[in-house]
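Colleague: Listed here are the chains, written in short residue letters.
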Amino acid sequence: MKSLECKCGHINPVGTQLCESCGRPLTEEAINKPLADMRYEGSARRSQTYNKTIIDKVWNFFSSVKVGMWIIVAILVAAAIGTILPQVFYVPANNATEAAAYYERIYGTFGKIYNDLGLSDLYSSWWFQGLIGMLGISLIIASLDRVIPLYKSLKKQKVKRHSSFLQRQRLYTKAENVTEDVLTPAEKKLKELKYNVRREDGALLAEKGRFSRWGPYVNHLGLIIFLGGVMLRAIPGVYVDEQLWIREGETLAVPGASGYFIQNNGFEFDVYDKESSDEVFSDAIDRVGTIASNYQTNLTLFEGANQEVVGDPGELEEIKSGPTIVNKPFKFDSYNIYQIDFRLDELKAMTFNLENKESGEQFGEFTIDLIEPEPEYDLGDGYKVELVDYYADFTGFENGEPQSKSPIPNNPAFLVRMYTPDKPEPETSFVLIRETIEPFGENDYKLKFQAAETRDISGLTVRKDLTLPILMIGGLIFMIGVAQGSYWNHRRIWIQQTATGDVSIAGHTNKNWNSVKKDLYYVTKDTKVPRPKDQQDPEDDLDFEEGDETS
Amino acid sequence: MTLIEWSSSALFVAFVAYLVATIFFGGAVKSSTHEKTATNKRWGMYGFTVTIIGFIANLTYFITRWIAAGHAPVSNLFEFTAAFGMMIVGAFILIYSMYRIAALGLFALPIAVIIIAYASMFPTDVSPLIPALQSYWLTIHVITAALGEAILAISAVAGLIWLLKNIDMTKKSKQRFWIEAVMYVLILVVGFIVSTTIFSVAYEPVEYSYVDVEGAEQTIEYTKPALFGMNESTVITEGAMQPLIEMPALVNAKKLTTVVWSILIGSVLYILLRLILRKRLAEVVQPFTKKTNSQLLDEIGYRSVLIGFPVFSLGALIFAMIWAHEAWGRFWGWDPKEVWALITFLFYAVYLHLRLTKGWQGEKSAWLALIGFIIIMFNLIAVNLIIAGLHSYA
Ligand code: HEM
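Chains as they are written, first to last, in UniProt numbering: chain A, 1 to 551; chain B, 1 to 394.
Just so you know, these hints were derived from the structure itself, not from any lab. Watch out, some of these pointers could steer you wrong.
Claimed, not checked - According to the in silico footprint, chain A covers these stretches of chain B (three or more CB under 8 angstroms from chain A):
| hint | region |
| --- | --- |
| 1 | 62-72 |
| 2 | 150-164 |
| 3 | 261-272 |
| 4 | 298-310 |
| 5 | 318-328 |
Predicted model only: the values in this text are computed from it and were never measured. For every residue, glycine included, the Cβ atom is placed at its ideal position computed from N, Cα and C.
From just these sequences and the hints, can you work out the full model?
Modeller: Below is the structure:
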């Protein structure tokens, strides 16, 4: 491994562009440039130096900003494509087949292609996740590649630099035969401007805001922590995300939180009405009609002594009661229960009376619980109704067989046998809402509908996310980093005066050139040295006056 | 007068003040021989003072409406867009106080004016909050995000001025074409405002019934003459005309009608302007940009992104995640509005990197800033109107 020796005698690591000590350009490329590339102080970076082994190649690939930006652009474009049609988790479908049918029905051929290509579940696709992973790797490698050399060279900056270094700064000026001392008054002014000033024979280095140079690395670190936190959710137990539909009065085990049970004490749904709402809202209420004001489910949480026993309230110990309201979840342990959805007025129970069709005489009322119907309802005196079959969500007959689409009592239908003392054989009847079918001929008796009971169902989400603190820390570090790198900047001013009266002044900043120009104007305005020129601005014509520009 | 009426008047005062300030800034640019001459300073000071007065009126609108409604006025499309217009002026004040470039006022204020006028085309009544919006995190999130977007928008204004100044209008080029396209789009927005205003005065709304995607019968009210009809639409209002062209169920023909009317009227305006001025619009405004320093404009563009990016990240991503976590139990749900906020964030990250490490300054940077603004406007307007999501206001 050879190293680079500068004319000044300093030994630099291979790959260095500008001598670490005096700032002379070392490579052919650096010598030929009119201005010095100050981005990483011309220090040697691994990615610019080695390119032999596979590891070097991978390292160089991921540390390239060009590659990094292509990764970001790819993520950006993919993310945009994912918003063309709603993603699969926003469409009303329970499985892949239903989803496919939905996309084709609503969006036609385009929808079908979109779904077939997997774009309807783009964000969880392997390739999208892969891009995010590559972004993470790129962030880590690119940061490591730069931060270490940058740290080293900023730390051991020499005050005195070779004149070619000053000349190659974007802001530069030179004056000859200046007899009075320039450095001392400049030092005073620079200190007024809150610069850190260091002096060494005939040379001055003023520096301000160096810590802002770490901004990008701090914010990248925040992003890496954030992405890491997101990945941790793959570990079992760290992240729970379950849906549950719970009817009023029901007690169910909390999915994802074993040992806990939750009871729905009632769902509330309120709308704004004109009388009780503030008058300013009356126009809006008139225009829109109903505007919802509140959705909430009142819950009681129990803990089960025996985790195996499901739905046995006797064994449960009450922990707490309270509502879950949109924007105000019900919290316990590390879990939150959110009010997400609801269905109003699901049928709960239906009450019938056994009636003689001709006389209208009634023989007893009974109520069928639509979730757990009894097999038999004994009405006394030899009257009895047997529930032969129950179709909760009746859709019609197929080959003479009644069909039920789901166990949810959207359209209950019952096949019953009615036992009466006057008939040796029971009569069979198929009871539907507002209709009765008598499959074996005309009956004498029927079930007369009396009343129906309904209840609301709440759609709740149960969440636990132990990664949140990590995400918060990542977000916080990111914010600190961006603020640090964006709201402060690193300014440096070099002034050198030789015994013969040659004065050269150079200025550099990583951003906000106008502000350093202003500082230089202030430092040079009462001296014989002209304000440094911007060697990159052909229109350099700004004139600064007191109070013109704040930094 | 009720508080709400006071509030509306304050907004009107602000609107007028911004117009007057624009004229002063025009004077500042016109009367100077150089970016910083005495005349420029005087006119610039008038312009800036009037802007501040307008901004105070604008804040008065915002605060009184907040008090009257009991919640921050950022809860529907009108309120949100008007707030965004106000924040653009706020961001302009911030950047102007740093750099004092009169041309910035000449371009930023009209854009704010157009945005506020655009906002006023939507229903302006105060509505109560639906459950999902009842959260102070939402208020914090929306206000911070809009402020960040407004500061980022200033970089587009600086970019626009840079391009107007530096593109050679005498020779045919891609640049000349696209900068004129930008001017044309601005006129189309004016076309939307003009057409909405004309029809709200001169056209009686007509009701149609139609069949939606799910096959259900619906009714819809058109406030502009129906160029396009909804799927299988029939007129309900007596004596009204049948739509000219019927669209399939997937297309919202009412919105399409609005868009087409805006394009028609905007294009007529554009052609008239071209005929009267006998020049490209970009060429007409170019002289107002000539006295600015390109490097400084470039820096203003970069500086606005630097100031706006952290604010935007905080508001549109971090606060948004906290709110989403409170409301839905997930901090991120790939909802279109969220995704477009992420796209905006990634886009400006790319802008910063290309600038810093690939030296994309000057022209490239200016175009990127314009594209960034398009992305922001897309998220504010198009995502709400076209792609329905959890966030859609209207
Ligand atoms: C979403 C992802 C990213 C964000 C939000 C981000 C953010 C930032 C910000 C705000 C800066 C400071 C820019 C300025 O001050 O003008 C920066 C600098 C930088 N970023 Fe990133 N970055 C991201 C991804 C990446 C990736 C993938 C790479 C690598 C390939 C990368 C490499 C760099 C480098 C080399 C710098 C300059 C560092 C310096 O000047 O010392 N960044 N980044």
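Colleague: Each hint needs a verdict: does it hold in this structure or not?
Modeller: Okay, the hints, checked on the actual structure:
no. : hint    : in the structure
1   : 62-72   : holds (count 3)
2   : 150-164 : violated (count 0)
3   : 261-272 : violated (count 0)
4   : 298-310 : holds (count 7)
5   : 318-328 : holds (count 6)
Going down the numbered hints, you'll see the structure goes against 2 and 3, while the others check out.
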